[in-house]
Amino acid sequence: MLGLRQKIWVGFGGLLLIIGLIGLTAIIEVSNLGGAIDAILRENYRSVLACQEMKQALDHMDRDALAAALSAKPAGVNAADSHAFERALATELNTITLPGEYQQAHLLAALYGEYRQNLLQLATAPDKRELYLNRIEPLSREIKATADGILKMNQQNMFEESQRAKSRAAKARSEMFSLLALAVALAVIYMLLIGKWILQPIRQLTQSVDEIRQGNLDLVVASSSRDEIGHLSEAFNEMTASLRGFRRDGEAKLSRVQQSAQQTFNSLPNAVAVVDLAGRVEMSTETARQAFGLRPGVTLGELKHAWLKEIFEQAAASPMPGQRAQASVIQHFVNAQEHYFKPEATAILNARRQPTGVLLMLNDVSEQLFQDELKRGFIATVSHQLKTPLTSVRMALHILLEQKIGELSPKQADLLVAAREDSDRLYEIIENLLSLSRIEAGKAALDFVAADPAELIGEAIEAFHSAAVDQGVELKSGLSEGLPAVRADRAQVGHVFANLISNALRYTPAGGRIAVTARLDGQAVRFSVSDSGQGIPPRFLPLVFEQFFRVPGQSNSSGTGLGLAIAREIVEAHGGGINVESSEGQGSTFSFSLPLA
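In our numbering, the protein residues as written are 1 to 597.
Errors might be hidden in some of the hints.
[What the hints assert, rightly or not] Below, a list of computed lysine-lysine pairs in the DSSO-like style, where the Cα atoms sit at most 30 Å apart: (1) LYS309 to LYS342; (2) LYS304 to LYS342; (3) LYS144 to LYS55; (4) LYS152 to LYS55; (5) LYS166 to LYS152.
Since the hints were derived computationally from the structure, they do not count as laboratory data.
Turn these sequences into a full structure, and let the hints steer you where they fit.
See the structure below:
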């Protein structure tokens with residue numbers, strides 16, 4: 001019995017001779033025909049593609065410009081779309097082949113330059129809508145019309161060249177008809193044979209593959225031939241048998257993993273859910289299902305929690321693998337009871353560090369917030385109750401030290417001076433605690449005004465100028481030019497500067513220097529207080545803004561450990577942030593930001 005290879009040689013042997021004759025004739029004619037029109041068609045086709053790409057990029061830029069015009073967000077030119085348009089425009093300028101195309105192409109370049117300038121103005125335009133309607137949108141239509149004109153010009157030229165090519169091809173066809181008739185006759189004979197030899201077995205295999213693709217692994221392919229296709233059918237049957245075994249093992253393993261994961265999830269007290277990249281919940285804890293409706297199969301878009309979808313999108317699009325997306329604490333009622341949750345989301349990565357889903361975690365922080373509130377209330381109450389008797393003690397100490405009610409011996413005076421210093425220190429601690437409690441509770445009234453950064457720094461330096469001179473420390477300022485005003489409570493910001501500069505003076509030896517600077521940082525102004533003092537060990541940097549924390553090894557004169565905590569609360573109440581950078585033995589830099597007015 002002939003094998004598949006022999007059958008193919010028998011069928012194609014006669015066709016090969018006819019094809020060789022037809023091919024030789026076709027090569028001669030096509031070479032002549034192709035050489036005449038190849039250059040023109042190639043250049044025209046590149047021009048057509050360039051025009052289409054320019055229109056597509058312009059549509060994207062129009063959409064972004066319209067969105068910016070209808071919103072208050074700053075706008076700009078999308079770099080990808082701009083580069084795509086300019087690349088296509090350069091292609092068109094380098095493929096000019098038709099009369100009149102040169103003028104149209106350079107007109108298109110001039111219009112696009114004007115269009116781009118208007119897009120750049122959209123970011124700062126006082127009336128974005130008017131700018132879009134009166135300048136950007138008309139320019140867009142004119143650019144598209146010009147591009148359409150170039151496109152049609154090239155398409156018309158391609159059509160005319162194709163007509164001329166057809167006339168030459170007709171001549172070549174007449175010469176090959178006789179050869180084709182013979183080839184067709186041989187092909188018909190071969191097709192009748194190949195249908196039985198090859199096509200029918202292949203069709204059966206194709207149908208079997210479709211059945212397997214749909215999940216029917218119980219299929220067995222019947223084969224009566226002993227050629228290569230017969231061997232392929234036998235290998236196919238062996239493959240399906242192996243796949244059936246793999247499927248059984250895989251289904252059993254997957255079932256175990258899913259059941260174990262679901263049982264583990266059900267044992268978690270917090271609201272946790274696994275979401276695929278399409279936003280569909282795959283697995284969730286009982287708390288997540290009851291409190292937030294995060295049931296398997298539900299998409300985040302169906303829920304009424306917009307913040308949930310926002311942190312999901314942030315985690316899925318995060319450029320840093322494993323980085324968590326967080327949202328502020330949200331209030332949520334569960335079974336008519338008020339709860340507070342801290343939402344977090346992190347991307348689930350595969351072996352190639354690519355996101356395959358998102359893990360949502362909604363931690364119930366109600367008890368923590370309640371404890372914090374109790375702590376603040378307790379501290380405020382105790383501080384307030386201590387303030388009155390402490391005031392009386394301080395007054396009595398001052399009266400005794402003035403010796404208006406009797407003379408004091410030197411030892412008595414020393415004891416009373418030490419008691420007065422300790423009472424003053426205790427009074428300062430109580431005042432700081434009360435201020436911190438008021439700020440944390442949001443009860444500290446802030447008088448926001450538009451403040452000049454230069455004035456804020458000038459007032460802060462003036463208050464400590466004498467102390468710096470007495471200590472032999474250089475105290476100077478530095479500001480970037482043209483800084484805009486910030487939104488600030490001048491008195492409270494003064495407390496922040498006072499705390500930072502006094503700390504810098506305390507830890508900067510004679511001959512050192514302190515610099516108070518300010519610079520523009522996005523939509524805020526960042527103020528910095530840098531010193532050349534002893535610095536802070538790196539392990540203590542995360543703790544310096546905590547209440548009552550003092551760097552170990554410092555003397556009791558270093559303060560109560562509340563100043564930086566109060567400074568942080570004041571800055572955060574302004575909508576800014578505060579941080580510290582330090583190198584041990586080389587000084588520290590405390591900086592905080594205030595939003596623009």
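Cross-check of the supplied hints:
1. LYS309 to LYS342: With a Cα-Cα distance of about 14 Å, the restraint between LYS309 and LYS342 holds, given a limit of 30 Å.
2. LYS304 to LYS342: Holds. LYS304 to LYS342 sits at ~17 Å (cutoff 30 Å).
3. LYS144 to LYS55: holds (6 Å)
4. LYS152 to LYS55: Holds, at about 14 Å.
5. LYS166 to LYS152: holds (21 Å)
Comparing the model with each numbered hint stated earlier shows that all of them hold.
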